[in-house]
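Undergrad: The lines below spell out each chain.
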Amino acid sequence: MKHLSHQLLLMAGAMSMFTVACKPGKVNNALSGDAAQRVYVAPGKYDELYMFASGGFSGQVAAYGIPSGRLLKVIPVFSQNPENGYGYSEETKPMLNTSHGFVPWDDSHHPELSKTNGEDDGRWLFINGNNTPRIARISLSTFKTEEIIELPNVGGNHASPFCTENTEYVVGNTRFSVPLDDEPDVPIDSYKKTFKGAVSFIKVDKNSGNMNLAFQLIVPGFNYDLAHAGKGPSHDWVFFSSYNTEQAYSLLEVNASQRDKDFIMAVNWKKAEELIAQGKGKKIPAKYAHNKWNDKTHSATSTIETGTVTLDIKDFPGLVYYMPCPKSPHGADVDPTGEYIAASGKLAAVIPVFSFKKMLDAIDKKQYDGNIDGTPVLKYEAVLAGEVQKPGLGPLHTEFDDQGYAYTSMFVSSEIVKWKVSTREIIDRIPTYYSIGHLSIPGGDSKKPYGKYVVALNKITKDRYLPTGPELAQSAQLIDITGNKMKLLLDFPTIGEPHYAQIIPADKIVKQQVKFYKLEENHHPYATKAEKDARVVRKGNRVDVYMTAIRSHLAPDNIEGIKIGDEVYVHVTNLEQDWDVPHGFAIKGSNNAELLVMPGETVTLKWTPDRIGITPFYCTDFCSALHQEMSGYFRVSAAGSSVPLVFRLGENPVKEQ
Amino acid sequence: MKTTTTQSSRIFIAISAILLSGAYFLPLWRILLEAPQYPEGLELKIWLTGLSGNIAQINGLNHYIGMKFIVEADFWEFKLMPYIYGVIVLLGFITAYFNSTKLLWIWVICLVLFAIVGLTDFYLWEYAYGHNLDPRAAIKVPGMTYQPPLFGYKQLLNFLAGSFPDIGGILAGTGGVIAVAVLFYKHRGRTKQTKQ
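Chains as they are written, first to last, in this note's numbering: chain W, 174 to 830; chain Z, 64 to 259.
Hints should not be assumed to be uniformly reliable.
Derived EDC-like pairs (lysine to aspartate or glutamate); straight-line CA-CA distance at most 20 Å [unchecked claim]:
1. W:Lys684 with Z:Glu103
2. W:Lys625 with W:Asp354
3. W:Lys487 with W:Glu356
4. Z:Lys131 with Z:Asp229
5. Z:Lys108 with W:Glu694
6. W:Lys365 with W:Glu560
7. W:Lys552 with W:Asp433
8. W:Lys688 with Z:Asp184
9. W:Lys688 with Z:Asp229
10. Z:Lys217 with Z:Glu135
11. W:Lys621 with W:Glu292
12. W:Lys688 with Z:Glu97
13. W:Lys455 with W:Asp294
14. Z:Lys131 with W:Asp433
15. Z:Lys108 with Z:Asp197
16. W:Lys691 with W:Asp739
17. W:Lys691 with Z:Glu106
18. W:Lys460 with W:Asp358
19. W:Lys684 with W:Asp354
20. W:Lys317 with W:Asp601
21. W:Lys469 with W:Glu447
22. W:Lys625 with W:Glu356
23. Z:Lys203 with W:Glu824
24. Z:Lys203 with W:Asp488
25. W:Lys460 with W:Asp354
26. W:Lys761 with W:Glu824
27. Z:Lys131 with W:Glu704
28. W:Lys530 with W:Glu560
29. W:Lys218 with Z:Asp229
30. W:Lys779 with W:Glu740
31. W:Lys539 with W:Asp575
32. W:Lys563 with W:Asp534
33. W:Lys455 with W:Asp433
Simulated from the structure, these hints should not be mistaken for lab results.
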């Protein structure tokens, strides 16, 4: 008996060893041995690169230092930001105006650095608002959103805002085709007839950066996903990926995944520009907001535009060609030479790489494979340079390094695959944690990639960090690509969804930083440039408070004679003229956020007092040793009360004569 | 003006006068302030004709300790100095032209007097700003005064204050040293030779 039990135990032991041995080993996580050293940026030292990552559903952009992964700043773009008053102050509210009125949120997807000669120039960052179609331009000398333009005739501005080689244009295209704005009320099942795509070309002024909706191309009602402009030889073209060429309008999950091939749409923007210049465009009514920030008045204005110029591609042969691409392509990525276009069919088993030269040839020789509403579809084999075989599952996006390699993200198999552009041969693969979407290499979509790192932008983190309940952070992973084998260096959580990021050497940004605004250049209509001019003015039930802030007091700090029914506008001017001395401003019970006022700037908080009594206000940004003293009182009296309007500030013993 | 000297001493005197005239285009002195919150430092530059640098920031900080605002218009020196100094520089060129020992003596004495009077005046201003503090100031540290050093570094609460000659001052100083050296080496030597 005892003997038998021993035998059984032995067998069980052997069995368990066998099962363990049989389980396929997990892929080595390829963590670099010197990772800590590679990402350590000593206290007080600067990072080598800036990474600008979209916040996805946060609607903002975040700036991180690379290689440390340190969060440097969240730049408010499409969403209100109570932290600094963006979208709450009177000056910034117009930035979030749209043809639908004030929209306090959006879904920001693709940051795009402005380019000169196909290289990132560090002047501006563009980003799309996906939900209420918009494109924003951020100044990289102030890290402020300077302009937002809405796009008409579009539903879901996803294939955006990729820019041409010299930022002549940034583009936008619809992810959810819709009927054009001037014929809106149609049955949904008339999709094939009435739903259209509208490719927006936004002209960018090369000095001011000001954007203008130059024209829109009317294209078939597909879903347009992403785009990239050509460079070098392909300078005149932009390539858009499209899916749902089935034109399904219900249960897209299934119905938009039926065809073996969808399309890469090649658009000759130079030709479109010529046609527009020749007056071939058709002006149609449209309604969209155009919001501009002015650094001198420290205020935004919003204008509602009323028309757009369109070109229906049906009427202009030679403007657009389709290249068949396997199964619902996502990215359309042009390599640094401008010759190869890698398109990743997210449900496909291969990554097709198209040749621009072959595309021109096929157009010349009319190697067509049918047409879509008269627009030629080029033969797949005729335009193909080659395919990357068995890259992995769910290829999405490709970026390029400076050594002739491409890196493609694999959503389903959760990895990055490195392959050689010239031979399409797979060199290496590395797991990501988990479900990578976009990936980013410094300058990876430009003519001159900086290389060195690839950042994986992941949707799922699950067990990667200390748990924080059901809602978890998404993440970025820094991977070294200097050697043949990719090596994981760092894994850090991000704000919102780090949908896509662009990375640029820090020196291109650092040298142009604005440290504060000059008071003498402040042309805000309610600016108060000296404390002696601080005052309170009543006009009917509107009360304007001309307030100044300097360490460590607000002037005036006693205000009486405010009445129920008043609308109080407090215009706070920060008189400081030094770097990193902001002042904050908040009022008890105000149905609004706080303000952060940068040195030399004027910002306005609107307050509607709701009750009689004494209401304190104070500086919210810990500015100095006597910050806690930086406060004051409003006295609010009953409507119709006879309390006179008075304001004062205690006498300061030391001041300028 | 009997005693004439070699051509080289004339050149040296001329160089000295040129160096001195540099103070018209370059700052004479600088006061530096460094604190944990100001790693880049704050600077006050003193010119023959006025002040420059981070005056507004320095005034902004000084108000906590009740120090009087530093305002250029409060200094009579900036109105007078350019003329007095101009006469001295002109005298230098005249000395170089005539190359006379007697003139050189007068010039060197003028220079030394100017330096002594200037530095004393500077010290008195520093004393006045550092000691005449408003009794209602927010920050009062018993026994503490805030007079910056005449030369070198001194810790004043969280600020390390430094006081040094600036380029114009260094050039002028070098000019002065050259003038004295010419007087002692060339002209005295020359006198001895004449006696022999």
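Undergrad: Against the earlier hints, flag every one the structure doesn't satisfy and list their numbers going up.
TA: 2, 4, 5, 6, 8, 9, 10, 13, 14, 15, 16, 19, 20, 21, 22, 24, 26, 29, 31, 32 and 33
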